Amino acid sequence: MSILDKNRIRNFSIIAHIDHGKSTLADRILELTETVSKREMQDQILDSLDLERERGITIKLNVVQLKYHAKDGQDYVFHLIDTPGHVDFTYEVSRSLAACDGAILVVDASQGIEAQTLANTYLALDNDLEILPVINKIDLPSADIERTKKEIEEVIGLDCTDAPCISAKTGQNVEDVLEGIVKYLPCPKGEAEKPLKALVFDSYYDSYRGVVVFICVKDGNVKVGDKIRFMQTGTVYEVTEVGVKTPNEVKKGSLSAGEVGYLCASIKSIQDIHIGDTITLNDNPCAEALPGYRKMNPMVYCGMYPTDNNKYNDLRDALQKLQLNDSSLTFEAESSKALGFGFRLGFLGLLHMEVVQERLEREYNLNLIATAPSVIYKVTMTDGSVKYIDNPSLMPDSNLIEFIEEPYVEASIMVPNEYMGSVMQLSQDKRGIYKDMIYIDTNRNQLVYDMPLSEIIFEYFDKLKSVSRGYASLDYTLTGYRKSNLVKMDILINGEVIDALSIIVHRDFAYKRGQAITVKLKEILPKQQFEIPIQAAIGNKVLARTNIKSLRKDVLAKCYGGDISRKKKLLEKQREGKKRMKAVGSVEIPQEAFMAVLALDDDGN
Amino acid sequence: MGINHLYIHVPFCKAICYYCDFCHRIYDEKLADKWLDRLSRETEENCRDQYETIYIGGGTPTSLSDKQLDRLLCMADPFTEKVIEYTIEVNPESLDQHKIGIMKKHGINRISMGLQTADDDLLRIIGRNHSFTDVKEKVNLLKDNGVFNISIDLMYSLPGQSMEMLQDTLNKVLELKVPHISLYSLTIEENSVFGKKGFSNLDEDMEADMYELIEKTLCERGYIHYEVSNYCLEGYESKHNLGYWNYDDFLGISLGASGKIGNNRYTNTRSFEKYINENSIREEDLHLNREEMMFENVMMSFRTIYGLNMNEFNGRYDADFLSEYSKAIKKHRDNLIIEDGQVRVRNMALLHPLLVDFMDCVLADSDK
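If you read the sequences in order, they're chains V and A. Residue numbering for the first sequence follows the working numbering, beginning at 2 and increasing consecutively. Residue numbering for the second sequence follows the working numbering, beginning at 18 and increasing consecutively.
Keep in mind that the hints were calculated from the coordinates and are not lab data. Among the hints, erroneous ones may be present.
With a cut-off of at most 30 Å between alpha-carbon atoms, the simulated DSSO-like pairs for lysine-lysine come out as follows [stated by the list, open to error]:
id	chain 1	residue 1	chain 2	residue 2
1	V	Lys559	A	Lys194
2	A	Lys31	A	Lys233
3	A	Lys233	V	Lys568
4	A	Lys189	A	Lys256
5	V	Lys570	A	Lys214
6	V	Lys228	V	Lys253
7	V	Lys579	A	Lys348
Here the structure is a predicted model, which means the values were calculated and not measured.
Use the sequences and the hints to build the structure in full.
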């Protein structure tokens, strides 16, 4: 097959609500097209991060080239881009969609459409993609194919007459999906004869080859030896390697219009690479760059500090490398009285934050303390100036503040009728303002609330799952800032304000939160050789107080000749535990303590 | 230089106490004979010195038959010329006139008896098959035989034990008028019966209260709290155990026994099959580096009120104690007494947090 016959190329993503079976379908497709041999096959093969496998979720987009011999007798080349389903990673989804011409929308026949089904579909439509709906999990006893089709037709407006009905788990009818891709999804629109225009949609750092850039070639072609230019930064490099992922990286001579692959050019300077940038040829550039991506603003911020102060530079290097692979991550240096030097990181959500911390710790071997997450507050001062505060400890003195505004979102919650009452109650408790209720079918409705973002990220999502037994699904979009009666609450340990534990709370909830946090901290902080008071305070006013009793006895009862090894192991364990703590004054504070400010209410988990 | 201390482990018991995870089996005569055969070989191969202290522990050494006990002690006879302290552990229910006779014949001059608690109900809860009266009788029997150097083992923070119950036990034990008492707080071991039944340790504060009650009660009656868990009248410290705490070399023989000779620390297999049938019986055989030995020395020496002698320490490791550990010493200066070349820990109940910092000082480089 000629590599330039773009009519036989299909570039697509699989989009779905979390757990509707994206990664399983991708596994089946890889098997069916014999892209991966039986020997190499494993579950969630495109989820290459350990973390993804462990948690059973997709965090990173991943791309793979497949060859398919269709029933029309022709050979096709597919580029499948696997995407995350969680709301935090919508940005990853939008990036992968920009490299595609079509999308497979997977819907679980036992669940029907969910909040992210809608959100991801709208993203695909925004990118002008053709969408092929696929009804999955038809092997489940609770599957209702007809109802699911009807939902897709009525709520999304997609025709489901020819939608493949499959079980990705058992492999049933998966071939219909492959045929559907050939038949219903379009081929790439670009032209090989035009000057090179390629979209940079992902990258990572390889210590031998430098930055490896993932590209989707829209027009023209690129080969080893070409001088390429990154249009945003204007930097020029000579291509040293191009290839495709199958899913291992396989070198090729060139990539041309319609193809999706990777490129290396001995790029050592991480700053030169911007996701969404356009690559063109230096001596034959295209007229204009691709629109690229809308810059995603982080929704949640937290401080991250190495437990060992000497690892500050290691953390900075790790963040720079991680950012290459996770362009929605932002960071800048900050310092804390309690924690020393570190960084303030911006994330798309709490899961994103957890994932970044885990990746930093695992992939870069760092021990980190993360402070409680915060949204970004807009503070209007009495002199009329405006400050944006992403670190609660930096909130100005209350008598200098005219008013504080906080980010609000429009939250859409899909919920079965039987849980409507409890979801509405919960939303109200979390300062939600009811906006709308949209009928989906006889069993389900979509509730729409205006809600402070801080409430959503701190507790709402967990509680939503528990009050609806996991049946409610959530999606939200930022709508803007609103005035709120907010106040900074400090946490004092042993009489000292620990700046990294300060939070911004709504005044009406301050007392309750203060109680919950001090109780939680009491559980978490290890006893020391003296009594430690823990207080929650607004200004000088203490709202809650508890004491950690002093440690009185910590010694192994028996220690004779034969007990030395055992005792040493015990001490080594204590020593390991201490490494995960930060000495703040005379008190050792473990990692978890900084998350304790997210403490759930007593009626929570 | 020769080794001064010998430990012999008897891996049999009449019954398994619920708190125990140590290496032993229910006594079986034939197995015990085979074990003695193998031990005799091990003795011939390894014992080369005249020991100042010998300690026969277990398990329950008195669970052996009279004949077997005699045989065991005969094996040790050739190494007892210089012995000053010769201890055997006994259980009240298996100690009698015959066994006392055998012990005396071989020169045993110190008895360590397991009592655990004077509360008979509590004794049953922890799986012991004797009463306090049994203990009283056997202590008197020992004294009638001219054996006065007796140590009583007790446990506290037992399931369901109150402060009053502990006080009562202490009072009763004081009436026995023995010169040495060991008191161990119960630690629920994973592999013990308690561990398997899902018991958990008593509240930390209660345990500390008990620790303090013990110290107060016994010290008022003239006992010296000379080690974390050991009390004695003046001059009655366990010389054998002081050897461990001084980090001296010692030879340990038999199934499951440990020893330390120079920089070699070993532990024998806990498997009867392996012990009896194989030539190589080591389960762990470590060669410690200087830093590890230094730390272990500190860890052991800080357990007693005599503490660590800096001259001896500096000579042993060609080190300077004060500078090697300066960081930890500075941090814990309130809990350390440094005078006349000795370093002592003021509050031994809080030894671990202190040791963790000492560990950081010297071992920091070796684990990078």
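Status of the hints after comparison with the structure:
Pair hint Lys559 of chain V plus Lys194 of chain A holds up; C-alpha atoms about 23 Å apart against a cutoff of 30 Å. Using a Cα cut-off of 30 Å, the hinted pair Lys31 of chain A and Lys233 of chain A is violated, with the two alpha carbons roughly 35 Å apart. A threshold of 30 Å between alpha carbons decides the hint, and for Lys233 of chain A with Lys568 of chain V the separation of about 27 Å falls inside it, so the pair holds. Between Lys189 of chain A and Lys256 of chain A the alpha-carbon distance is near 26 Å, which keeps this suggested pair within the 30 Å criterion.
For the hint linking Lys570 of chain V to Lys214 of chain A, the alpha-carbon distance of about 24 Å falls within 30 Å, and the restraint holds. Note on Lys228 of chain V and Lys253 of chain V: the hinted pairing holds, with a Cα-Cα distance of about 17 Å set against a maximum of 30 Å. Using a Cα cut-off of 30 Å, the hinted pair Lys579 of chain V and Lys348 of chain A holds, with the two alpha carbons roughly 15 Å apart.
Hint 2 from the list above is the single one not met by this structure.
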